[in-house]
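Start from chain A and add chain B according to the hints.
Just so you know, the protein sequences line up as chains A and B, in that order. Position 308, counted from 1, in the first sequence is what the numbering used here calls 308; the numbers after and before it change by one each time, with no gaps. Position 29, counted from 1, in the second sequence is what the numbering used here calls 29; the numbers after and before it change by one each time, with no gaps.
None of these hints come from the bench; they were simulated from the model. Note that CB positions come from ideal geometry on N, CA and C, so glycine has one too.
Simulated DEER-style distance windows between Cβ atoms:
1. B:GLY34 x A:ALA209: 47 to 55 Å
2. A:PRO6 x B:GLY32: 49 to 57 Å
3. B:ARG26 x A:PRO73: 41 to 49 Å
4. B:GLU36 x A:HIS72: 42 to 50 Å
5. A:ARG186 x B:GLU30: 15 to 23 Å
6. A:TRP204 x B:GLY32: 38 to 46 Å
Under 8 Å between C-beta atoms, here's a sample of chain A residues computed to sit facing chain B:
7. PRO60
8. PRO61
9. GLU62
10. SER93
11. VAL95
12. PRO96
13. LEU97
14. LEU99
15. MET183
16. ASP187
17. ARG190
18. TYR191
19. ASP194
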Amino acid sequence: MDPFFPLAWAADKLVYGALGLRPGGLTGEALRFFFYDTAKILILLVVVIFAVSLIRTFLPPERIRTVIARHHPLTGHLLAAALGVITPFCSCSAVPLFLGFVQAGVPLGVTFTFLVASPMINEVALTLLWGLFGWRIAALYVTSGVLVAVFSGLVIGRLKPQKWLEPLALKAGAAGAVPGSKMAWRDRVRYARDYAADILKKIWPYLLAGIGLGAWIHGYVPAGFLAGYAGADKWYAVPLAVVAGVPLYSNAAGVVPLVRALVEKGVAVGTALAFMMAVTALSLPEFMILRRVMKPRLLAVFAGVVAVGIILTGYLFNFVN
Amino acid sequence: MSAISKIEVLGSGCPGCKKLHELTVRAVRELGFGVEVDYVTDLDRIVGMGVMRTPVLAVDGRPVLAGFIPDVERLKEEIRKAAGA
Numbered sequence: 001m002d003p004f005f006p007l008a009w010a011a012d013k014l015v016y017g018a019l020g021l022r023p024g025g026l027t028g029e030a031l032r033f034f035f036y037d038t039a040k041i042l043i044l045l046v047v048v049i050f051a052v053s054l055i056r057t058f059l060p061p062e063r064i065r066t067v068i069a070r071h072h073p074l075t076g077h078l079l080a081a082a083l084g085v086i087t088p089f090c091s092c093s094a095v096p097l098f099l100g101f102v103q104a105g106v107p108l109g110v111t112f113t114f115l116v117a118s119p120m121i122n123e124v125a126l127t128l129l130w131g132l133f134g135w136r137i138a139a140l141y142v143t144s145g146v147l148v149a150v151f152s153g154l155v156i157g158r159l160k161p162q163k164w165l166e167p168l169a170l171k172a173g174a175a176g177a178v179p180g181s182k183m184a185w186r187d188r189v190r191y192a193r194d195y196a197a198d199i200l201k202k203i204w205p206y207l208l209a210g211i212g213l214g215a216w217i218h219g220y221v222p223a224g225f226l227a228g229y230a231g232a233d234k235w236y237a238v239p240l241a242v243v244a245g246v247p248l249y250s251n252a253a254g255v256v257p258l259v260r261a262l263v264e265k266g267v268a269v270g271t272a273l274a275f276m277m278a279v280t281a282l283s284l285p286e287f288m289i290l291r292r293v294m295k296p297r298l299l300a301v302f303a304g305v306v307a308v309g310i311i312l313t314g315y316l317f318n319f320v321n
Numbered sequence: 001m002s003a004i005s006k007i008e009v010l011g012s013g014c015p016g017c018k019k020l021h022e023l024t025v026r027a028v029r030e031l032g033f034g035v036e037v038d039y040v041t042d043l044d045r046i047v048g049m050g051v052m053r054t055p056v057l058a059v060d061g062r063p064v065l066a067g068f069i070p071d072v073e074r075l076k077e078e079i080r081k082a083a084g085a
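Here chain A stands alone, though its shape is the one from the complex (with noise of 0.2 Å):
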């Protein structure tokens, strides 16, 4: 049973009652639709963000970078994309955990899997994945995300990409945990309902306007329209998909309800799930930050290799479908 019964229920009521449409007409539909994903997604949204902050109090960025120096580089790798996925990227403070990993002796290859996962798996866009597709689809998006992020990290550790650091990055700092940082629970409890707030402060506007177009491609585009343009078949939809994703930086909110409308209209799901990779990990406003410590070579390299790998996970998902 769907365990929102209560809000599809208002939404009903809403919709059919309360402004008098008839139910099974396309602007009734498309309005019901909107109301109920809307509210379900809030408070899917509240509590979970609520819930990893709260997590994420007891593993702050210094503890997690001693775990990873410690394991052999194999499961490093795999430790530092699992770990990408409860820490918060945000484009300020992308340098300093860059920074913090490589003077603390982490391999650039892991540090550059944590750079990929971070933004890429985040309690956002894995919750908007769960309450719009089902847990099938967020479980492959962690799986698709955690590949790409390995295969990127594997690749330019590789590369030996030392040669084209900024010297910011080479110079040996301090390391080692804060020494007064222990929260008390009212501190972890505040932080966790700030960053909630603050979160979701900032991506509504986009959930409704993601959430409203969806639901007027839901009510109004015939189904398997999009098939003929990129259905699995299409060869060139995934990488297009990946070019088209990354204007679009880490704007999840916007994006996931849109796709769920457009698989519904016949897009392939390895196509779908490479352009939400493609906005999450690609953005500009961090390439630019970590110009900072990065080459423009590596730079290059890096959206390069993130940007084959995410092509090839969304082949790889559309042959297997």
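Below, chain B alone, put in the same frame as chain A:
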């Protein structure tokens, strides 16, 4: 009366860092310490302290809090502790 000579808030200009700066200024004023609170955006310094998260509260060049924004009471407590009072 305080043994502190320097209080800094370090950050990369993110909204949280500015908030911590404001709170710290208030905490210092409420404590009655006559110390300026500097706002530092030099990433080199942040990383040099061994910190990977922002914002950072540093007393006399030593990081005291990092990665979260406490309430004023906690800030006062930390500053008082660092002052050895």
